[in-house]
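Protein sequences, first through last, are from chains A and B. So in full-length UniProt numbering, spot 42 of the first sequence is number 42, and the numbers just go up one at a time. So in full-length UniProt numbering, spot 307 of the second sequence is number 307, and the numbers just go up one at a time.
The set of hints was computed from the structure by calculation and includes no laboratory data. Take these hints with a grain of salt, some might be off.
Derived lysine to aspartate or glutamate pairs resembling EDC-like cross-links, with alpha carbons at most 16 Å apart [stated by the list, open to error]:
no., chain 1, residue 1, chain 2, residue 2
1, A, Lys162, A, Glu120
2, A, Lys74, B, Asp167
3, A, Lys162, B, Asp115
4, A, Lys74, B, Glu211
5, A, Lys74, B, Asp20
Residues of chain A placed beyond 12 Å of chain B at every Cβ, according to the derived structure [stated by the list, open to error]:
no., residue
6, Leu7
7, Gln14
8, Ser56
9, Val58
10, Pro64
11, Asn76
12, Gln77
13, Pro85
14, Asp86
15, Glu87
16, Gln88
17, Ser97
18, Asp98
19, His123
20, Glu167
Glycine residues also receive a C-beta, built at the ideal position from the N, C-alpha and C atoms.
The residues making up each chain are set out below.
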Amino acid sequence: MMRRRVLFMAVGFQVVVLLFMVTSSYALDQFGKVITIQTEAYDTEDVFYGDYVDISYVAETVRPENWFVTEGVKSNQRIYVLLTPDEQGVYHLKAASDREMSAESDDVVIVARYRYQDQEQVHHIDLGLDRYHPHYEQQDEIESSQERMLVMIALSPWGQKKIVEVENVQVEP
Amino acid sequence: MKKGWIESESKKWVEEGIIDERQKEAIISRYERQSTPMLFFFLAAVLIGLACLSLIAANWTAIHHIWRVVLIMGAMLVFYIVGARAFMQNRQGIGVFAFLVALSIFGAGVFLLGDMYHFSMNSAFAFLVWGLAVLLIYLSQPQVYIWIFGLVVVFIGQLVSTIQLHDFDWLLMALFVIGYGTVGYFIKQQKLMWLFTSLLAVLLFAFSIEELTYYWYTIFALILYLFSYIIKTGVISKPLQGVSILSMFIIVVYQALFFNWSWQSVVNDVVYYLFLIPFLSLAVLMAVLNRERFGAIQLVLFLPVFIWPELTTLLAALVLFAFSIGKLIEGDQLKDGRKVKLGIVAFLISVSIVYVEVAWVALDRTLFFLTGGIILLIVGLLLNRYQQNQMKGSDEHDAT
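The shape of chain B in the complex, shown without the other chains (with noise of 0.2 Å):
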């Protein structure tokens, strides 16, 4: 898509005379055609892998007991030699596809065996082993695709494991973060770490709602932040701090519109302040010794607007517009055209939120509606604003 649109745009580029032929050719061949066959394979391997299991759960029980095991083995097996001839022929597409295929008939065996031999399949064994085994096969043949299927096995299992089962399995958290995770930074792909923390983010926020209150993810959420210090390569820090941040967003929006005084307990919670105003602080001091002003803005997020029950809507749509009026200052200072549309968003959204849930009780409806115009207008003169300024700028700079 992305070589696609270059092509298009630099024919443009050489017809109005800013490059020649030559420069064009250069610049396409930077752009190098993603392997698009890759994704068709495993998109293939999940419907076929889908379409065995059905045929054979069709007609399972009519099977002696042995042969449904000589079947499953057999079937598994014989896709790994298939990969593995595939992956000596140089065949990475092949021998992703039946890696997969055998994953997944491992997987299902592994809970079709559970249910013949009467294991108490009511926990997250199953998923420890799958996810285990995946890990194995990937460290055989470090393919993408193959770490990405382990990774939502082990993140489903989880899910399971908490949700459902009420059991939030220690073994199945360690493999998700030590065994995922330190194979995951040593890829070295942000979009993978992108999907790997917005995952754990997940699970922690399950962890945090099954074991103990929905707030203690603010815990785990300025862990997660302080972690982008810790481990500073921009592969994993930047979505550390993004989903950290983003979800944290998300919880106070929740807590704006439908935070309930009857959820007082909160107040009392030392133990959640002795955690929460260390760490908080420390967050802050990262930011001011990284001479990130605009990083501790950020950090409004993380504040406890629960503290006075009657008042938390109110705060919590403050501490929104604290932060949305923030990104929008930094994106302007730092010529961020990402950061200022993020902040017109959160902006947009803090605006809603006051609209229905704060003034709605206090304000009057004629008054309410002209306030909200009010403020979309100086939203839009903002933008307006910070338009000119940034082509008058590139003026400048083409003047220089």
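Here chain A stands alone, though its shape is the one from the complex (with noise of 0.2 Å):
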């Protein structure tokens, strides 16, 4: 009798696992918090990897005078990046660090991986945010457009984060 409550928890457990899994996306539109953030001039005959989109962010390349990070990081270490709003409310990397930092105001803190450094001193990290499936009559708008994207991502307090929208834009460099 002991074993069968134990049988019915343990699958309990992991049926309400998957489903919050499912609803934290949804709850996410509703109570997450949205920012716009710019993605990398990108050329149209590389956007398209089947049905979705590759995006790289401006916010993913680091220059030194942004990067607080006392020793050597390794390849997937975890980086945690301060993004500060401009006056049209696209959010700009401010700092990254290794360490955990403390957001004020409109600042957002998210986590993002290390991946290598370039020449030119420039750090590369990765938001985890690089593919974006968009809806079929979008596909053309994006096909059509030879500049930057602003990307609207929603972040959870918990740390979950997910595009919900982009859109095409005609930035001067």
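Each chain sits in its own coordinate frame; assemble them with the hints.
Following this line, the structure appears as structure tokens:
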């Protein structure tokens, strides 16, 4: 009898975990904080991989002056990124560090993973948001766009993040 | 296998008149056939689980989000129901099989939903939830294979987290040691504890190289060794001591072969010695208190051979020699053939290391081959003497 109860608990636990994962994604749309960040300029030829867009963000390259890491970082290590909004409300990278940072006022902190450092001492990181599946009618729009995209991402208090919407803009370089 | 061997051997014994037919039957009945079907069900579960995974993965993008969720949960629940029914009808094999498939579906589900709903899967979260689910299922149906399955899940999760993501996950470690360790202890099977301690040692080593430096593993190995005195039950203390000594042997071999002078920072690491000295003294004290004359000898493996970087190779080789000769003598004294064999293997490894590393620089080639030959000759003579002694000993035993 006791064992039966434990079995029900164990199976129930698994169902709850899976349901939580499903619902939390929708809860994210409702309760998450939505910010807008900018992508790198891209070549339309390379954008589509099957049915999704491969996006790289401006905030994924960190110049040495924004890099606050004390010792050598390893590939895939956790990097905290502090983003701050400009007048248009688009968020830009302010600092990146391997230590946890606290966000003040409008700033947000998101977790990224370290990739590599190139010859110009620029550090490359991965925000983990590089895939977007656009709606069918939106695909043409993205394809015809030449410049950059503004990506709206939702952030949850428990560290989950996802792309809400992608918008094309002609941004002056 | 064991039973088959006993059957064929005992037939000879009956023919030679050592035992009679009735005694033979009595002996054979002591060796009950192991339930091999269980192993087949276990492997079948793994294969079928993989087949399902690859089939769904191939068509995954064509299925709508909600249907994917329904598919995962439905398949999982079906296998739980099948498993629970099988256990009620006392068909353990099928029950374990169904539960393992259901648990695989759950694990795959966590990863797939994580991917679909943009969870950042760059963390140990999935493995933590998965390992916890397996442990709960084990508690409802204490079947060894479920425990092994969960242990491996948590082990792999921790390795991925430590080596690939550079985050040693303490929650996963707690689940591994407190959850699976405690449960494994109560299963009271030495084989399982060997598995558990070996995996634990690998995790501790991964932690050492990732967060500290590799030589810190010595401290963890010492702690495992000391735990073998705290938990005296043979089920756990033997694997703890064995894994600790074996892993240290490998580390000393590594130091003898590949130690590089450029890693000299070791000597300045005072904190390391603050741990090493009291723990090592405690281990020696415990060996003396327990009247283990040879227990102290094997502790030479824990000595910090890198204290003089120039001499490390030589010191490591000496430590290996001391250890293997200690094991040889211990085996000889205790009349333990297994320990003697262990000592011989350790001795041969030590000789080979000196052969390639230490003596190559210092000695002339001819002289070296000669020394190697003489050393091997001595080993052969020792072994021969040991076997003769043993035979003589058993003769005397028969005479009395």
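Exercise. In terms of Cβ atoms, is chain B entirely out of 12 Å range of A:Val58?
Worked result: About 20 Å separates A:Val58 from the closest Cβ of chain B, which puts it past 12 Å; holds.
Exercise. Is the Cα-Cα distance between A:Lys74 and B:Asp167 16 Å or less?
Worked result: Satisfied, since the Cα-Cα distance of roughly 11 Å is no more than 16 Å.
For this session: Over 12 Å to the closest beta carbon of chain B is the bar; see if A:Asp86 clears it.
Result: Correct as stated: the minimum Cβ-Cβ distance to chain B is 25 Å, above 12 Å.
For this session: Please confirm whether A:Gln77 is truly not at the interface, meaning its C-beta sits more than 12 Å away from all C-beta atoms of chain B.
Result: Per Cβ check, A:Gln77 is inside 12 Å of chain B; nearest 5 Å; violated.
Exercise. Going by Cβ atoms, does A:Gln88 stay more than 12 Å from chain B at every point?
Worked result: Consistent with the label, A:Gln88 stays out of reach of chain B, its closest Cβ about 25 Å off (over 12 Å).
Problem set entry | Holds or violated: A:Lys74 to B:Asp20, with C-alpha atoms at most 16 Å apart | Distance ~70 Å between A:Lys74 and B:Asp20 Cα, so the pair is violated.
Exercise. Hey, A:Lys74 versus B:Glu211, does the alpha-carbon distance stay inside 16 Å?
Worked result: holds, 12 Å
For this session: Decide if the proposed pair is consistent with the structure: A:Lys162 and A:Glu120, CA atoms, cutoff 16 Å inclusive.
Result: violated, 30 Å
For this session: Taking the shortest Cβ-to-Cβ distance between A:Pro64 and chain B, state whether it exceeds 12 Å.
Result: holds, 22 Å
Problem set entry | Minimum Cβ-Cβ distance from A:Asn76 to chain B exceeds 12 Å | violated, 5 Å
For this session: Quick one: work out the minimum CB distance from A:Asp98 to chain B and report holds if it exceeds 12 Å, violated otherwise.
Result: The claim is violated: A:Asp98 sits with its nearest Cβ about 10 Å from chain B, within 12 Å.
For this session: Confirm or reject the statement that A:Ser56 sits farther than 12 Å, beta carbon to beta carbon, from all of chain B.
Result: Non-interface label on A:Ser56 holds, nearest chain B Cβ at 17 Å vs cutoff 12 Å.
Hints 1, 5, 6, 7, 11, 12 and 18 from the earlier list are contradicted by this structure; the remaining hints agree with it.
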